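So the chains spell out like this:
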Amino acid sequence: MLKGGFLGHGVLEMRLGIIDYQFPRGGVERFIEGILNNLPEDEVDITVISFDYALEGYRDLAKRLNRPITVTEHSPLVHRMAAQIGRETTFSWVRNFEVPADHWKDIDLAWFPAVQRHVIRRDCLARTVATFHDAIPVEFGDYMADRRDAVARTGQLYLKALDDFMTRRLMGSLAKVVVDARRTADYLARAYGPLPRQPDVVYPSTAHMREILPEPIERLGLPERFIMFPANISPHKNHECLLIALAKVKAEAPGHFLPLVLSGSSTLGIALGGDYRADALQSLVARLGLEIGRDLHLLGTVSDGQYRAALERASGLVFPTLMEGYGFPPVEAAMLGVPVVCSDIEIERETLGRLDIPSLWFDATSVDDTARALIELGRDREALASRAAAAAASIRDDSWNDVGQRYREIFRQQAELAAFHEKYGA
Amino acid sequence: MRNMAREMKLNVIDYQFPRGGAERFLLGVFDHLPEDVTVTVTTAGVALEGYRELIAQAKRPIGLAEQPVLMHQSALVSGNDAVLSGPQIYDLPAGLWADADLVWCPWVNRHLIPRECYSRTVATIHDMIIVELGEFMAQKREPVGRVGHFYAMAMEDMLARRLLGTLAKVIVDTERTRDHLARAYGPLTRLPEVVPLSTEHVRAVAPEPVDHLGLPERFVVYPANYSSHKNHEALLLALAKVKEQRPDAFLPLVMTGGNTTLIQTGPDYRSAYLKALVEHLGLRFGVDLFPFGVVTDGQFRSVLGQADGLVFPTLLEGFGFPPLEAGILGVPVALSDIPVLRETMGRLGVPGLWFNPGSPDEIAAALIRLATEQPGLRTAAAAAAAEVSDITWAEVSGRYLQAFRDQVMVASMYANYGG
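Chains as they are written, first to last, in my numbering: chain F, 1 to 426; chain A, 1 to 419.
In case anyone wonders, no lab produced these hints; they're calculated from the structure. Because the structure is a prediction, the values reported are computed rather than measured. Just to be clear, a hint being listed does not mean it is correct.
[What the hints assert, rightly or not] Label-pair restraints from in silico Cβ distances:
1. A:Y417 / F:R287: 28 to 38 Å
2. A:P187 / F:E346: 16 to 26 Å
3. F:E346 / A:G258: 45 to 55 Å
4. A:P375 / F:F420: 52 to 62 Å
5. A:E142 / F:G86: 23 to 33 Å
6. F:G300 / A:G266: 54 to 64 Å
7. A:E7 / F:G300: 52 to 62 Å
8. F:R349 / A:L277: 55 to 65 Å
9. A:L167 / F:T365: 19 to 29 Å
10. A:G258 / F:R349: 54 to 64 Å
11. F:E13 / A:R342: 54 to 64 Å
12. A:P93 / F:S283: 15 to 25 Å
13. A:G346 / F:D52: 50 to 60 Å
Think of the CB as a built atom: it goes at the ideal place given N, C-alpha and C, for glycine as much as any other residue.
Isolated chain F (complex conformation) (with noise of 0.2 Å):
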């Protein structure tokens, strides 16, 4: 248990738990990272209790950060989902884990740095703190699940369900829920509200932007101008409607037709098929009459270095998804003064409006009005170029040490929290 005071005493040990058997890649993989390099270790102590491919992913992390932690690794019950029909049996790709009791014993707080699918049972809710990044498949689940195989489906169906499920019982809970913007914290209220505890806000940083180092890129032969969208090829990133607008500024504007360059993993896929969301991508470019390396360049994954190289050139960032969490991609091009084309969506008007980034608002759910905006990034790419640098140059976002500082107080409130609970409470 905690021993001391905590926070800025250096008195004080805290035995941190990070149980987490997802390790989503990217943007999350950034957010774990930047947290833990601002656990000071004289402080707080860090277990990391993975399995799997996660595991991996955490050994990976532990050998760039700036602070030891431990990695260990815990074989959790595994719920998955078949779909079956006559006597054939199939296992659909989503996996939620169960964890058990025992990944409490040697902690004093847990920390689900993304707690979807995770099956957490009720008497351990109160020593834990939950991440909680975005309700997307919750929101979008029957209309991600329309756009999948039929085996897929079920487990889509199945995530909306077991995710809904569970942030029913966690926003019901003493545990400490976390989410990265304001937007998130709301839905949480309308859709499991009343709360007994508002969530708390904490955006991530991006000020890592400016620290990574642009790669050569000559390989990807990317055209002289063109517009960027980084994101992978589920749904709600909602490709369909920017290259049906991409087709219709070619039919219709071909002198301010650019280029689109499709980064992220799975957008291969869109040139190759091989899954039935890529295979509907691909045939829809086809009958489009875009053609692949002229109109549409796909790159797939890149490093972080060959994407700020290419963002850099790219003469802007569209940005037509549906529903994010938090949404980097146009924060972090705004940071480096490309011009944005977002989603007029609430969530992307409060991360750019808390930085006062500009940007050319669409309508996603409008062929018409993305390729309006289209358009009118390609006639203006100049002006819109020197109002995004001189923006660029104005853009203080949070540090991760400021980020760290907020979870560090968020952890030391929930340990009380929980020490309250045990003594008074149960």
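With chain F fixed as given, assemble chain A onto it according to the hints.
Same frame as chain F, now just chain A:
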């Protein structure tokens, strides 16, 4: 649709077919539907045989269409081992609505309905026990069963949430279920309609011989499967308490219902748990406890007729037939003081000895009263039974028919103006 006012092609879609009360309910509705309603049952798998038997008993022609569908099921994975677990969810294709004016899902809970088909659907929700008591029940299962239970709870919750937000017509058996749905999933665009079930058939069941069962001279009976919401634990604790503290007022317990015989041998997690509890409490099978498993309707009526009373410590029901059946036959009833039973008993004016099902002390007190106030309780029960007048199955069927016709109108309006 052909003639909206009269002729109707009704497709009954059900891939579950829970036995017991389900058959009675379906026959009660089917047998009284007019001839201009053409009824086809669409099903497959384990439910198919049940519907074949049911159709053979029906007093009107019913078509049967075997149509396998995609099923969703959960599994527990530990290392390289995977075990399928829990109930299946049935993914209904929109094609099942193609040749029907209306679809009725008489047990809708585990059926995934395409959104575009809701306006042509009437759905009956009998209870939400799996969701309401989900965590309680999951904690009383072994890991594999627990996974399935979590899955069932989450999926039924999601399916109810989406169903209640649509133009589908939802029917429930009690006001309590309607109010729960409105509270948990509301505000609702349309409140579920309450159509109570009938107990008309109870008096028509002919008693059958039960000598072979080896009933004790005096006893109380609890007819229920061994699902954790049936709360056998509290009843067994209460029984042991009476045996120890008031042996003069002790009556053995007869348990009928699915899987109750397993409590004697304990081959699965739940029965092993109850068996261990029985042993821990010092109760003896064949002396204090008589688990009979499933009996016929006629045998149950005979058992009930010989019992000193029926005890019903359930934590939650969708309707709760057994106390009503006992009440109609003039058998004293001791039962859980929960809203749904207050509603169903109160509707028919059936008296009961009420207890808090969470309190073995209160259950024990009720058991003592059943044993010691016998002539008075039986006289009062018989007097009340003589007064009971319930809705008939013809009336239940008439209410359903009206709901079907109303929904056909909604579907027609929606097709013309709404979509």
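Satisfaction of the hinted span 16 to 26 Å by the C-beta atoms belonging to P187 of chain A and E346 of chain F: holds (23 Å)
Pairwise beta carbon distance, R349 of chain F to L277 of chain A, judged against the given window 55 to 65 Å: holds (58 Å)
Status of the given 54 to 64 Å range, CB of R342 of chain A versus CB of E13 of chain F: Once the Cβ atoms are compared, 55 Å apart, the range 54 to 64 Å for R342 of chain A and E13 of chain F holds.
Beta-carbon spacing of E346 of chain F to G258 of chain A - inside the hinted bounds 45 to 55 Å or not: holds (51 Å)
54 to 64 Å as the expected CB spacing between R349 of chain F and G258 of chain A, which holds or is violated: holds (56 Å)
Cβ distance range 54 to 64 Å for G300 of chain F and G266 of chain A, holds or violated: Taking Cβ atoms as reference, G300 of chain F and G266 of chain A lie about 56 Å apart, which means the hint holds.
Distance restraint evaluation - E7 of chain A, G300 of chain F, Cβ atoms, bounds 52 to 62 Å: holds (59 Å)
Distance restraint hint 23 to 33 Å, applied to the beta-carbon atoms of E142 of chain A and G86 of chain F: holds (28 Å)
Whether the CB-CB distance between G346 of chain A and D52 of chain F falls inside 50 to 60 Å: holds (56 Å)
Outcome for the supplied range 15 to 25 Å, where the beta carbon pair is P93 of chain A and S283 of chain F: Holds, since P93 of chain A and S283 of chain F (Cβ atoms, about 23 Å apart) stay within the stated range.
Distance restraint hint 19 to 29 Å, applied to the beta-carbon atoms of L167 of chain A and T365 of chain F: holds (23 Å)
Beta-carbon spacing of P375 of chain A to F420 of chain F - inside the hinted bounds 52 to 62 Å or not: holds (57 Å)
In this structure, every one of the numbered hints holds.
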